Amino acid sequence: MSVITVENISKQYIIDHKKGKGGTTLRDVLTNNIQSIFGGRKQQQELTHEEFWALRDVNFSIEQGDRVGIVGHNGAGKSTMLKILSKIIEPTTGTVKIKGRVASLLEVGTGFHPELTGRENIFLNGALLGMTRSEIKRQFDEIVAFAGVEKFLDTPVKRYSSGMYVRLGFAISAHLDPEIMIVDEVLAVGDAEFQKKSIGKMRDNSASGRTIIFVSHNLTAVQALCNKTLYFEKGMLIEQGETNEVIASYLSKVSRTQLVRQWDTPQEAPGNDLVRFRRVELIPDYPEDTTHIDVRTPMKLRFEFWNMMDHANLNLSMHLNSLTGECIFNVGTRSQPYGKGLIAGECTIPGYFLNDGSYTVSVMIVKDTVTPLFVMDDGLTFDVEDYRAGIAWYGKWPGYVRPQFPFEMEMMEPVIS
Amino acid sequence: MADHLQLSSVLKTYETIIQPGRSERHYWRDLWRNRELMWILAMRDVSVRYKQTALGTAWGLIRPLSTMLVMVLVFQKIAKLPGDPGVPYPLMILGGITIWTFFSTAFTQISSSVTMNANLVTKVYFPRLIMPISAVAVSFVDFLVSLGLFILLAIYYQFLPDWHLLLLPFFILMAILAAFAFGLFFATINVRFRDVGQLIPFLMQIGFYACPIAYTSRTVANEWWYPIYILNPMVGIIDGFRWSLLGEQSFFNPQSLVASVVIISVCLVLSLYFFRKRESTFVDDI
Numbered sequence: 001m002s003v004i005t006v007e008n009i010s011k012q013y014i015i016d017h018k019k020g021k022g023g024t025t026l027r028d029v030l031t032n033n034i035q036s037i038f039g040g041r042k043q044q045q046e047l048t049h050e051e052f053w054a055l056r057d058v059n060f061s062i063e064q065g066d067r068v069g070i071v072g073h074n075g076a077g078k079s080t081m082l083k084i085l086s087k088i089i090e091p092t093t094g095t096v097k098i099k100g101r102v103a104s105l106l107e108v109g110t111g112f113h114p115e116l117t118g119r120e121n122i123f124l125n126g127a128l129l130g131m132t133r134s135e136i137k138r139q140f141d142e143i144v145a146f147a148g149v150e151k152f153l154d155t156p157v158k159r160y161s162s163g164m165y166v167r168l169g170f171a172i173s174a175h176l177d178p179e180i181m182i183v184d185e186v187l188a189v190g191d192a193e194f195q196k197k198s199i200g201k202m203r204d205n206s207a208s209g210r211t212i213i214f215v216s217h218n219l220t221a222v223q224a225l226c227n228k229t230l231y232f233e234k235g236m237l238i239e240q241g242e243t244n245e246v247i248a249s250y251l252s253k254v255s256r257t258q259l260v261r262q263w264d265t266p267q268e269a270p271g272n273d274l275v276r277f278r279r280v281e282l283i284p285d286y287p288e289d290t291t292h293i294d295v296r297t298p299m300k301l302r303f304e305f306w307n308m309m310d311h312a313n314l315n316l317s318m319h320l321n322s323l324t325g326e327c328i329f330n331v332g333t334r335s336q337p338y339g340k341g342l343i344a345g346e347c348t349i350p351g352y353f354l355n356d357g358s359y360t361v362s363v364m365i366v367k368d369t370v371t372p373l374f375v376m377d378d379g380l381t382f383d384v385e386d387y388r389a390g391i392a393w394y395g396k397w398p399g400y401v402r403p404q405f406p407f408e409m410e411m412m413e414p415v416i417s
Numbered sequence: 001m002a003d004h005l006q007l008s009s010v011l012k013t014y015e016t017i018i019q020p021g022r023s024e025r026h027y028w029r030d031l032w033r034n035r036e037l038m039w040i041l042a043m044r045d046v047s048v049r050y051k052q053t054a055l056g057t058a059w060g061l062i063r064p065l066s067t068m069l070v071m072v073l074v075f076q077k078i079a080k081l082p083g084d085p086g087v088p089y090p091l092m093i094l095g096g097i098t099i100w101t102f103f104s105t106a107f108t109q110i111s112s113s114v115t116m117n118a119n120l121v122t123k124v125y126f127p128r129l130i131m132p133i134s135a136v137a138v139s140f141v142d143f144l145v146s147l148g149l150f151i152l153l154a155i156y157y158q159f160l161p162d163w164h165l166l167l168l169p170f171f172i173l174m175a176i177l178a179a180f181a182f183g184l185f186f187a188t189i190n191v192r193f194r195d196v197g198q199l200i201p202f203l204m205q206i207g208f209y210a211c212p213i214a215y216t217s218r219t220v221a222n223e224w225w226y227p228i229y230i231l232n233p234m235v236g237i238i239d240g241f242r243w244s245l246l247g248e249q250s251f252f253n254p255q256s257l258v259a260s261v262v263i264i265s266v267c268l269v270l271s272l273y274f275f276r277k278r279e280s281t282f283v284d285d286i
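Quick mapping for you: the protein sequence lines, in order, are chains A and B. 325 is the number that the working numbering gives to position 325 of the first sequence; each next residue is one higher, with no gaps. 123 is the number that the working numbering gives to position 123 of the second sequence; each next residue is one higher, with no gaps.
By construction, these hints were calculated from the structure, which means they are not laboratory data. Predicted, not measured: the structure shown is a model, and the values here were computed from it. Honestly, I wouldn't trust all of these hints.
As the list claims (entries may be wrong) - In silico DSSO-like pairs for lysine-lysine, Cα to Cα no more than 30 Å straight-line: (1) A:Lys-137 to B:Lys-277; (2) A:Lys-97 to A:Lys-158; (3) B:Lys-123 to A:Lys-97.
To be verified - Quick list of the computed label-pair ranges, beta carbon to beta carbon: (4) B:Asp-284 to A:Lys-97: 40 to 48 Å; (5) A:Thr-132 to B:Trp-28: 12 to 20 Å; (6) A:Asp-378 to B:Asp-284: 31 to 39 Å; (7) B:Asp-30 to A:Thr-265: 57 to 65 Å.
As the list claims (entries may be wrong) - Residues of chain A clear of chain B, computed beta-carbon distances all greater than 10 Å: (8) Asp-204; (9) Leu-274; (10) Met-409.
Backbone N, C-alpha and C fix where the C-beta goes; we use that ideal spot for every residue, glycine too.
The whole structure should be built from the sequences, with the hints applied where relevant.
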């Protein structure tokens with residue numbers, strides 16, 4: 001049975017661009033109109049409208065008990081879609097039919113008032129999420145235990161640590177009992193252990209027939225929780241289906257190999273008054289007859305930057321990240337004294353080290369081993385293709401690294417027949 | 001299996017259709033269903049109001065008492081304005097202050113209710129009328145305190161109320177409706193134009209003198225502009241409120257109440273329509 005049907009949903013925003021001052025005040029509206037009454041020049045030429053479609057012609061339906069992930073870049077329309085489903089935003093066109101009660105978690109601890117105690121805020125937040133007083137009372141002890149804030153129930157939440165605040169907020173929402181639950185990024189906060197606990201709690205909920213819609217940048221969380229996934233781009237739903245397939249195609253579309261970046265003028269180059277990058281480059285050392293990077297390919301990562309300081313102890317620190325944002329490793333050069341001039345650093349990554357996948361490189365210039373002078377995020381992005389020889393298995397090779405460590409077998413005691 | 005049956009019956013009961021411009025068909029039912037939320041938001045405002053104040057709820061008493069003392073000094077002792085014959089001047093003033101302060105704080109709170117709760121508007125759905133309705137609670141608590149003060153003062157002057165008192169709830173209700181009639185309009189405007197925040201204290205200051213608070217309407221009843229004066233809907237409410245507390249000796253012209261009822265009803269309907277019309281765009285403008 002489909003519990004949510006979305007038909008031709010679009011959302012349009014009209015953005016007023018005004019030259020000069022920003023913001024609307026009554027004065028702007030009044031002066032514009034009064035001037036026209038008195039035959040003055042209307043300031044209309046200064047007003048330009050721009051139409052912006054946050055969502056365009058979106059259609060999908062969700063079955064009861066599905067756990068649906070929504071992925072896409074920032075500004076792809078994910079949050080707008082959630083807000084339309086939550087009745088917070090009204091669509092410009094289209095129809096949504098929802099069967100069942102909906103609880104939306106668009107942030108942790110919605111409506112928490114810093115002056116109120118933990119106890120008061122549980123009732124406030126619970127009511128905002130659609131729980132009745134008796135429902136909250138019945139689950140009160142469980143919520144408090146889940147959040148682990150027993151000792152601080154009568155303390156104003158402004159005195160809570162951010163961890164406690166988040167745990168309390170999530171604990172309340174985890175005890176909601178709606179048929180449909182809409183969750184936006186709230187798992188992005190809190191420590192790893194609590195995230196695990198939260199995902200577990202949400203899975204339990206959906207096992208009992210609940211439908212969950214979950215938006216996150218954390219693809220690992222989407223994979224862990226969702227069986228279906230919707231992929232949005234520029235306000236359009238471009239793919240939907242089984243989570244693994246959709247995420248694979250999402251990754252293949254977002255990753256683009258970029259091997260060299262060079263900045264010709266200092267104005268464009270990333271950096272500041274002390275240091276400025278000139279060029280970052282990935283130099284693959286292709287084995288014979290290959291033209292793309294695969295798991296066998298050794299490569300060098302080369303960073304060139306200008307140092308504008310007379311005398312400074314500098315080193316480079318490089319992070320290699322997976323596309324989902326997890327850091328795979330971090331390496332750094334030794335710190336050495338340098339004068340003004342162009343400095344280059346080179347890191348060698350051997351073949352048979354990275355597994356197949358998409359990676360990004362961030363690099364940091366550090367002074368005196370402790371002070372980061374400049375950080376370039378996502379300096380390079382590259383893909384490593386799969387390669388295997390003599391293996392008849394073609395499943396996804398697990399892990400971020402695929403090293404070839406010595407791993408031998410031998411016959412210890414042959415049985416002679 | 002039983003669980004499943006129960007679930008499908010729940011799914012059938014709660015069917016929502018979201019469409020552009022679809023004024024929620026069950027709006028008023030939703031509002032009623034959310035009455036607990038209304039109550040909790042009201043309690044939040046009341047409870048937050050006096051947190052971290054040394055004197056706490058005593059402020060609810062100090063404000064009307066000190067205003068009354070100053071006004072008795074200025075208007076009775078210095079300006080020597082005549083009061084209603086047979087009514088102690090402080091009682092007359094306190095009656096006026098009580099109902100006027102109730103109206104003006106309720107009106108101010110309603111006007112800022114939507115913008116004050118901006119964090120909720122962008123994150124949860126509920127009938128937006130809940131915000132102005134629950135905003136009245138704080139002013140109502142203050143009103144009750146002020147009314148208690150009036151009773152103490154009446155006992156001190158040995159002033160006994162009569163059957164007029166039965167009409168008191170009506171005038172209180174009128175004051176609330178007046179606060180909504182004007183407040184909802186400003187609450188809606190306030191979402192787009194924050195100028196309202198500047199305008200309201202100014203309006204309230206003018207209102208204080210345009211209404212019979214520090215004086216009695218008897219003083220102006222023979223002026224040629226009196227018919228215009230009673231077009232101020234608060235005149236009938238304030239006079240009526242005092243009349244029901246203090247009896248016939250207090251000046252009250254029923255005609256002024258007719259004006260109040262007509263103006264407030266028309267404004268209330270218009271404001272409510274305006275608020276409901278704009279409600280769905282609050283989130284885009286806030």
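Next item on the list: Mind checking the hinted window 12 to 20 Å against the Cβ distance between Thr-132 (chain A) and Trp-28 (chain B)?
Entry: 19 Å, holds
Check: Does Met-409 (chain A) sit more than 10 Å from chain B, CB to CB?
Finding: 52 Å, holds
Check: For Leu-274 (chain A), is the shortest beta carbon distance to chain B beyond 10 Å?
Finding: 40 Å, holds
Next item on the list: Below or equal to 30 Å on CA atoms is what counts here, so check Lys-137 (chain A) against Lys-277 (chain B).
Entry: Roughly 36 Å between the alpha carbons, so the hint for Lys-137 (chain A) and Lys-277 (chain B) is violated.
Next item on the list: Would you check the hint for Lys-123 (chain B) and Lys-97 (chain A), treating anything up to 30 Å between C-alpha atoms as holding?
Entry: It holds: about 20 Å lies between the C-alpha atoms, which stays within 30 Å.
Notebook entry, point to check: Given the hinted pair Lys-97 (chain A) and Lys-158 (chain A), is their alpha-carbon gap at most 30 Å?
Noted result: Distance ~39 Å between Lys-97 (chain A) and Lys-158 (chain A) Cα, so the pair is violated.
Notebook entry, point to check: Does the Cβ pair Asp-30 (chain B), Thr-265 (chain A) satisfy 57 to 65 Å?
Noted result: 60 Å, holds
Next item on the list: Could you see if the CB distance from Asp-378 (chain A) to Asp-284 (chain B) stays within 31 to 39 Å?
Entry: 32 Å, holds
Next item on the list: Kindly confirm whether 40 to 48 Å is satisfied by the beta carbon distance between Asp-284 (chain B) and Lys-97 (chain A).
Entry: For Asp-284 (chain B) and Lys-97 (chain A) the Cβ distance comes to about 23 Å; the hint is violated.
Item checked: Given as non-interface: Asp-204 (chain A), partner chain B, CB spacing beyond 10 Å -> Holds: least Cβ distance 14 Å, greater than 10 Å.
Consistency note: the structure conflicts with the earlier hints numbered 1, 2 and 4.
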